[in-house]
Each structure stands twice: as structure tokens, then as C-alpha cells.
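S.K.: What follows is each chain in one-letter form.
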Amino acid sequence: MVSRPETSEIESDPVLVTCLNFQILKLFGVILQRVLHWQPNAGTTVNTQILNEVSQCVESINGVKGGRWKATLTLYKPALREQSLVGEFPRDFWGISLPEQPNKYYFIIRTQRIVMEADSSIQAIMEKLQSYKSRAALYFEGFQYQVGDFQLRVGKVVPNHSENMRGIIMEVEYLPLSSMEKARLVMEDFFDIWQEAVSKRSLPGHFMHIEPNFAEFGLSDHYSSQHTAVQYATVMAQLMAVQAVRN
Amino acid sequence: MECVVQGIIETQHVEALEILLQGLCGVHKERLRMHELCLKSGPNLGHVPSEVRLLCDLEQPEPTWTVKHVGGAMRGAGADQISVLVRTMVESKASKNVLRLFYALGYKLDHELLRVGFAFHFKRGARITVRVSSVNKMLKLHATDEAVPVTPGIQMVEVTSPATSENYSEVVAAMSSFCEYLAPLLHLSKPGVSTGVVPTAAAAAASLMSDGGGTTL
Chain W
1 MVSRPETSEI
11 ESDPVLVTCL
21 NFQILKLFGV
31 ILQRVLHWQP
41 NAGTTVNTQI
51 LNEVSQCVES
61 INGVKGGRWK
71 ATLTLYKPAL
81 REQSLVGEFP
91 RDFWGISLPE
101 QPNKYYFIIR
111 TQRIVMEADS
121 SIQAIMEKLQ
131 SYKSRAALYF
141 EGFQYQVGDF
151 QLRVGKVVPN
161 HSENMRGIIM
171 EVEYLPLSSM
181 EKARLVMEDF
191 FDIWQEAVSK
201 RSLPGHFMHI
211 EPNFAEFGLS
221 DHYSSQHTAV
231 QYATVMAQLM
241 AVQAVRN
Chain C
1001 MECVVQGIIE
1011 TQHVEALEIL
1021 LQGLCGVHKE
1031 RLRMHELCLK
1041 SGPNLGHVPS
1051 EVRLLCDLEQ
1061 PEPTWTVKHV
1071 GGAMRGAGAD
1081 QISVLVRTMV
1091 ESKASKNVLR
1101 LFYALGYKLD
1111 HELLRVGFAF
1121 HFKRGARITV
1131 RVSSVNKMLK
1141 LHATDEAVPV
1151 TPGIQMVEVT
1161 SPATSENYSE
1171 VVAAMSSFCE
1181 YLAPLLHLSK
1191 PGVSTGVVPT
1201 AAAAAASLMS
1211 DGGGTTL
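Protein chains in written order, with the working numbering: chain W, 1 to 247; chain C, 1001 to 1217.
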């Protein structure tokens, strides 16, 4: 007969508590993602070495390497007859394609708190309208890893036609749930474990998570790909702000 | 791409048309209640003016939105000789804040309409859709509940079919053949070419109504 652990034994074992939390939250049966970006320490920049170390870090917490992953972000600019009126049009109009939703496309105007989901054919419509043109395209690309019930995507941010790395991002997806309030607790547990692993390497920076106010975008507590698109746009805004300060 | 023809019919003959379509298509009609918003680019946006239509399907329990771009018609001697208009058309489903996005991008509402009627979707040589609807205008912005007919007593009939540059001639043939069956009740032609109501409509409708569509027209 298997002995049943005392309540105090469970509470004193953080791994067991986390596992129990996962089992309970699996009942919700949906998805949650959190997108983080690498914040270099002052005076340092991102480079391939850091990306390699981060990838090794994922493997050190028993991350099983999976396939490649790639998301595309396109920044659109208005095609104007009178350039002096550019201030009247959004300057942060992004189009995003996500690998998990190949038939969908997402438009975001972050400063106006608008996110819209459409079929991927919306790109053909935008081309025909000729009112906005692609100003820059960036890729989030790297590898997927499976760590227990978590799926991690670690990759670099690179402009198209260039290998010049602009940033490092990590996407953490907890597969069995979607209610963000409940997921927050599980995620915190995961990041405690992650923090411990990454701190051993003395890397010149850390992963940072800026959680957008999803309600401002009209998004509910039930997690969707629109939430992910908003997080991607938030990361891009942050990376571009850092770049602007450097320049 | 899509192939399209349009026509008009008096409202009093719509029931007969429905009976005829029911017999020809062998499928049940679907109710149609579509709020259509036509947006145009603002004066400074785009090197050429552009136009996009947002369609809100009010028949669904939760209204669904579609973005539709209708491009130029196919031109040339070949296009002139066929009775069906072949034009580029791209559609995309969109979330409910699509109107807000296009306003933010600098598009302005040009006009809006409410189409109320029914539609048949079926396969007959091509995937054909027939929409029969009254076209209504709103007296107040977005007030679909207070819409009034643009042309009282007249309804619009639109026959469309998706096509590609490879198969459009087969689609045109299938559509033309189908339209012949409707000829006693209405005449269908390329959009913009008004042909009015047909003189045989009343007799054809009376015949259809008397035997429930059993008569061979």
C-alpha cells in the first residue's frame, strides 16, 4: 500500500506543490503564453553567445529541443500624398503572423490599443489597397523546447535581409490552462525555477516581462492568439525604444 | 476572382423566384441580413484612392465581420463578349473591431447599406451563390433597425461564383447556363448595365405560384 504524504510534507516540497497546481489547473484544458525579452545590462548588447547560453540553460532544466519556430512582424507605414501630414496616421501599425495560427494574421496599433484578428488573405487586401506599405519586417526565429507541461520558444529578433541581431526573446507557454489569474501562479513557480538556472551563468542581463493591459485592447481573461500578438508588439516597442535611446 | 451578374425583380414576384430557385438548387435558402459599410481612403492616404467594404452578418447569433475588396473587372475583347463580369475579389474574416481599425488607419465611411432577404448556395457546374435582397439605407448612423428601402417594391438579385484565372471560362459557362433558367422572371447582366424588369415576369410568376414550381419554364 502506498503511504499518503501528510499535508505538511506536501506544503514543504515546492516541486510537489507546483506539480499539484499543474494537475489542478490542467482541468481548464486551454493555453497560456508569456513573451519575454532579453534586457541587457547597461553597456552590453545582445549577441549569439548569450542566445547560446540561454538555450543551454533551457536544456539544463531538462528542456527537450524540438523543431524550428518563426514569427514575422511587419511594420507598416502610410503611403501619403503629402508627407507633412504623417503625424495624422499611426506610426506603430504592425502586422503579425504566428506559427501556431498559419491561416490567421494580426494587425496591431499599440498606441491606440487595437488588435484585430483576420484571415491571412487580409495581407492581399492591404496590398491591393496600396494605402500602407511595409516599412520593415522582423523575424522572431529559433527553436522550441518542451519542459514538462511547458513549451518554450527561444530565439533571436532579426530584420529581414540581415543577420544583425536586435534582441532575444523567450516565449513560455503553459499548455493546460488559459485563465490568466490562475496561470499567473503557475508561471511564477516556473520562473522561480528558471531564475535559479539562469543565475548560475552570470549572464550580462535578464529576461524581462512587460504584461500589457489586455483589457485595454478589449481582450478578455480567456487567453487567445490575439493576446500573444499584443505581447509581440509590446516587446517590439520596447526593443525599438532601447534602440532609439542607443542611437 | 469572382464572376458576377445582377438583376432586379419586383417584390411581388420574389416568392415565385424563391420557389424556382428552390427547385433548381435543391437546397434550402438561408436568411440574409447583411450590414454593408463602404469605406474610402481619406484625402491624403494612398497614392491612389482606395475603397474597402466591411460586411457584418447580422444573421449569426454573434455578428461576424468580413473585409471585402472588389478590384477591377477583366478587360479586353474576350471580356466584352461574355455576359458575365469577371473581377478580382479578396475576402477575409475579421474580428469585430475591424471598423475601428480602418478608421484608425485613415479610412472614412462613405455609405452604408442593409441587405435583407435570402440566399442559396449550391453547386451546379460551379459553386454558385444567389442572393435576393431588398437594399435599405439607414436614416441614422448604423441604425439598422430603422433602415428603409432604397427602391421600395424592387429587390436586387446577385449571382456570384468564385473563380480563378485558370477556370473562369468554365465558371462563366456554368453561370450563364444557370441564368437562362431565371430568364422568364428576371434578366441578369453585368453590374452597372441596367436592364430593368422583364415583361414576362408576371406571367411566369403566376405560373410558378399556381403549381409550386412544377412547370417547365
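Hint data in this document are derived by calculation from the structure and do not stem from the laboratory.
The beta carbon of each residue, even a glycine, is placed where N, CA and C say it ideally should be.
Hints are not guaranteed to be accurate.
[What the hints assert, rightly or not] If you want the ones that stay clear, here's a sample from chain C, every Cβ over 12 Å from chain W, calculated: (1) Glu1010; (2) Leu1024; (3) Cys1025; (4) Gly1026; (5) Leu1032; (6) Gln1060; (7) Trp1065; (8) Gln1081; (9) Thr1088; (10) Glu1091; (11) Tyr1107; (12) Lys1137; (13) His1142; (14) Glu1170; (15) Pro1191; (16) Val1198.
[As the list claims (entries may be wrong)] Among the chain W residues that face chain C by a calculated CB cut under 8 Å, a handful are: (17) Glu59; (18) Val64; (19) Gly67; (20) Leu80; (21) Arg81; (22) Ile114; (23) Lys128; (24) Gln130; (25) Ser131.
S.K.: If a hint holds in the structure, say so; if it doesn't, say that too.
M.R.: Status of each hint after checking the structure:
{"no.": "1", "hint": "Glu1010", "result": "holds (36 Å)"}
{"no.": "2", "hint": "Leu1024", "result": "holds (31 Å)"}
{"no.": "3", "hint": "Cys1025", "result": "holds (27 Å)"}
{"no.": "4", "hint": "Gly1026", "result": "holds (30 Å)"}
{"no.": "5", "hint": "Leu1032", "result": "holds (21 Å)"}
{"no.": "6", "hint": "Gln1060", "result": "holds (16 Å)"}
{"no.": "7", "hint": "Trp1065", "result": "violated (9 Å)"}
{"no.": "8", "hint": "Gln1081", "result": "holds (27 Å)"}
{"no.": "9", "hint": "Thr1088", "result": "violated (8 Å)"}
{"no.": "10", "hint": "Glu1091", "result": "violated (7 Å)"}
{"no.": "11", "hint": "Tyr1107", "result": "violated (8 Å)"}
{"no.": "12", "hint": "Lys1137", "result": "holds (25 Å)"}
{"no.": "13", "hint": "His1142", "result": "holds (18 Å)"}
{"no.": "14", "hint": "Glu1170", "result": "holds (23 Å)"}
{"no.": "15", "hint": "Pro1191", "result": "holds (18 Å)"}
{"no.": "16", "hint": "Val1198", "result": "holds (36 Å)"}
{"no.": "17", "hint": "Glu59", "result": "violated (38 Å)"}
{"no.": "18", "hint": "Val64", "result": "violated (35 Å)"}
{"no.": "19", "hint": "Gly67", "result": "violated (28 Å)"}
{"no.": "20", "hint": "Leu80", "result": "holds (6 Å)"}
{"no.": "21", "hint": "Arg81", "result": "holds (5 Å)"}
{"no.": "22", "hint": "Ile114", "result": "holds (5 Å)"}
{"no.": "23", "hint": "Lys128", "result": "holds (5 Å)"}
{"no.": "24", "hint": "Gln130", "result": "holds (5 Å)"}
{"no.": "25", "hint": "Ser131", "result": "holds (4 Å)"}
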